[in-house]
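Quick mapping for you: the protein sequence lines, in order, are chains Y and A.
So for the first sequence, the working numbering puts the first residue at 1; every next one is plus one.
So for the second sequence, the working numbering puts the first residue at 260; every next one is plus one.
Source of the hints: derived by calculation from the structure; they are not laboratory data.
Careful, some of the hints might be misleading.
[What the hints assert, rightly or not] Here are the computed distance ranges between Cβ atoms for each label pair:
| no. | chain 1 | residue 1 | chain 2 | residue 2 | range |
| --- | --- | --- | --- | --- | --- |
| 1 | A | Leu331 | Y | Asp63 | 15 to 21 Å |
| 2 | Y | Val227 | A | Asp341 | 56 to 62 Å |
| 3 | A | Asn462 | Y | Val241 | 45 to 51 Å |
| 4 | A | Asp341 | Y | Pro84 | 17 to 23 Å |
| 5 | A | Pro510 | Y | Asp49 | 49 to 55 Å |
| 6 | Y | Val79 | A | Arg290 | 31 to 37 Å |
| 7 | A | Pro361 | Y | Val79 | 43 to 49 Å |
| 8 | Y | Asp49 | A | Arg458 | 48 to 54 Å |
As the structure is a prediction and not an experimental result, all values here were calculated from the model.
We put the beta carbon where it would ideally sit given N, CA and C, even for glycine.
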Amino acid sequence: MASDHDELTAAFHLLREAARRSAVARQLQGDVEQALLRSIVEATATLFDAEAASIAIFEREPDRLEFRVAAGAQGAGAVGLSVPPSQGIVGYVFSTGQALALSDVLADPRFDRRTAERTGYVPRSIAAVPLIDGQHPVGVLQVLDKRGSATFSLRDMELLGAFAAQAAAAINATRVQRDTSRLLREVFRELGDVELDEAAVESLVSAATADLDRDEEAPFWRLVDQVSQLNGMTDRELTLVSDILEVVGRHATRPGRRG
Amino acid sequence: MTEPLLPAWSEPFAGEGSGLLRSVRVDAIGREWAWGGSTGAGVTVAIIDSGLERQHQALHGRVVESVAVEMLDGEPKVVPDDAGDLFGHGTACGGIILGLAPDVELVSVRVLGADLRGKGAAFLAGLEWAVERGVQVANLSLSSKSAALFPAFHEVVDQAYFRGTALVSAANNVTGASYPSLFASVFSVAAHAVADPWRIYYNPAPPVEFGAWGVDVPIAWKDGGSTVATGNSFAAPHIAGLVALIVSKHPGLSPFELKAVLAAVADNPRS
Chain Y
1 MASDHDELTA AFHLLREAAR RSAVARQLQG DVEQALLRSI VEATATLFDA EAASIAIFER
61 EPDRLEFRVA AGAQGAGAVG LSVPPSQGIV GYVFSTGQAL ALSDVLADPR FDRRTAERTG
121 YVPRSIAAVP LIDGQHPVGV LQVLDKRGSA TFSLRDMELL GAFAAQAAAA INATRVQRDT
181 SRLLREVFRE LGDVELDEAA VESLVSAATA DLDRDEEAPF WRLVDQVSQL NGMTDRELTL
241 VSDILEVVGR HATRPGRRG
Chain A
260 MTEPLLPAWS EPFAGEGSGL LRSVRVDAIG REWAWGGSTG AGVTVAIIDS GLERQHQALH
320 GRVVESVAVE MLDGEPKVVP DDAGDLFGHG TACGGIILGL APDVELVSVR VLGADLRGKG
380 AAFLAGLEWA VERGVQVANL SLSSKSAALF PAFHEVVDQA YFRGTALVSA ANNVTGASYP
440 SLFASVFSVA AHAVADPWRI YYNPAPPVEF GAWGVDVPIA WKDGGSTVAT GNSFAAPHIA
500 GLVALIVSKH PGLSPFELKA VLAAVADNPR S
């Protein structure tokens with residue numbers, strides 16, 4: 001009996017720990033994934049001197065590739081658009097995992113034009129590479145119209161592949177945050193003998209994560225809050241904060257420190 | 260004295276290899292021997308891709324069969340297909356192959372579609388079907404990264420090799436394992452940038468063994484259109500086309516012999 005109880009207690013602690021991490025991730029930044037992806041498309045557009053760079057992420061129900069972030073003079077119109085994974089260059093690259101570039105796309109009168117027109121910009125050339133997270137494609141990074149050249153070189157494709165790898169890593173890293181919420185939902189569903197509807201599960205998850213140990217760990221949460229304020233800082237300011245934290249950290253681990 | 264008992268796999272090598280007599284030495288092979296006068300006649304090439312647009316002028320009526328893989332209750336099933344080309348990519352590959360080997364017959368194996376979304380299982384079933392059908396060459400523009408499918412891909416790729424089917428696959432530039440493009444018996448192809456469809460390179464440091472034109476390649480595209488494209492998936496069909504020419508002229512060459520011929524006639528610098 002005692003071991004049953006111990007197991008339950010251990011499971012409960014694990015659950016609390018997972019919820020705590022999820023809450024910290026949420027607190028630190030509203031959408032860290034969005035911020036990382038935006039910085040990647042901005043770097044891509046700048047480096048390629050391109051009219052636009054954007055990232056589409058695969059979403060389900062219905063299956064679609066949704067443009068999340070974009071940069072460049074002609075990029076803004078794409079954000080929020082969705083295309084079916086069975087259509088167009090972006091769909092092909094996502095479905096096959098094969099990077100490719102097309103130039104002179106207007107030579108084909110019907111090429112992707114409808115989607116392009118919805119963005120307010122019809123490109124002459126496009127390069128697209130898949131975002132692969134482990135074994136699975138999760139999205140596509142695309143670049144439209146390099147200003148300096150009508151086509152994309154092999155080196156361009158390789159560079160684009162490197163940016164895509166970064167974007168996939170960013171998506172992977174922030175998955176912890178999404179997966180924890182999903183995990184909690186499933187656990188509550190498993191634990192409950194009664195059937196819970198989506199709203200009931202959601203409120204249980206929120207209750208478990210919202211005010212987690214706030215009183216016990218007030219200084220910790222104050223720090224999390226403070227770190228979340230750093231979003232708008234310049235690189236210089238961030239370096240300064242990082243230096244300060246390093247000094248504090250070194251002090252904290254020094255032997256003989258007063259407890 | 261009786262013959263020493265040999266394991267079955269060693270039997271061909273018994274008796275000083277008398278059963279292995281070859282009439283051609285690698286250093287005697289040139290392009291004229293390899294494919295001079297060949298048009299690809301008598302060779303069937305499967306395009307495992309997004310479908311083929313039968314009416315496209317770049318394919319000039321050489322499509323003899325079109326099938327698609329459909330998922331029925333989670334199981335892949337190969338059925339006749341009249342959806343054409345969903346993206347344009349299959350047609351592009353077919354056009355490149357016919358540009359080198361105008362008399363080959365093309366078989367379209369569509370493994371992409373609204374409900375397939377690059378499913379590894381559909382791709383695998385399409386590949387299996389092509390090998391069973393007995394095509395001499397198959398052009399593969401996609402690969403799977405699914406570790407779960409590794410053994411199944413390995414099996415069908417071995418089956419292709421033993422039957423003499425040359426599988427020509429575009430190398431995937433994304434890091435990590437990729438099946439079957441990185442298997443040893445597959446003709447794995449990456450792009451070079453010299454605008455010449457006949458220029459090929461042999462890379463003695465695999466997994467990617469061959470280089471062919473894949474930058475700014477004029478290609479056929481969807482709805483009777485055309486465009487200019489870059490990518491390894493436009494390099495692979497150049498190798499597939501050359502392999503079809505060789506097979507047409509020298510029926511019965513095995514995949515490794517075909518690789519040897521390509522290596523012998525490649526444009527690598529010679530000392």
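Results for each hint:
1. A:Leu331 - Y:Asp63: 15 to 21 Å: Given a distance of about 18 Å, which is inside 15 to 21 Å, the answer is holds.
2. Y:Val227 - A:Asp341: 56 to 62 Å: 59 Å, holds
3. A:Asn462 - Y:Val241: 45 to 51 Å: 49 Å, holds
4. A:Asp341 - Y:Pro84: 17 to 23 Å: Holds - the Cβ-Cβ distance for aspartate 341 of chain A and proline 84 of chain Y, about 20 Å, lies within 17 to 23 Å.
5. A:Pro510 - Y:Asp49: 49 to 55 Å: 52 Å, holds
6. Y:Val79 - A:Arg290: 31 to 37 Å: For arginine 290 of chain A against valine 79 of chain Y, whose Cβ atoms are near 52 Å apart, the range 31 to 37 Å is violated.
7. A:Pro361 - Y:Val79: 43 to 49 Å: 46 Å, holds
8. Y:Asp49 - A:Arg458: 48 to 54 Å: For aspartate 49 of chain Y and arginine 458 of chain A the Cβ distance comes to about 30 Å; the hint is violated.
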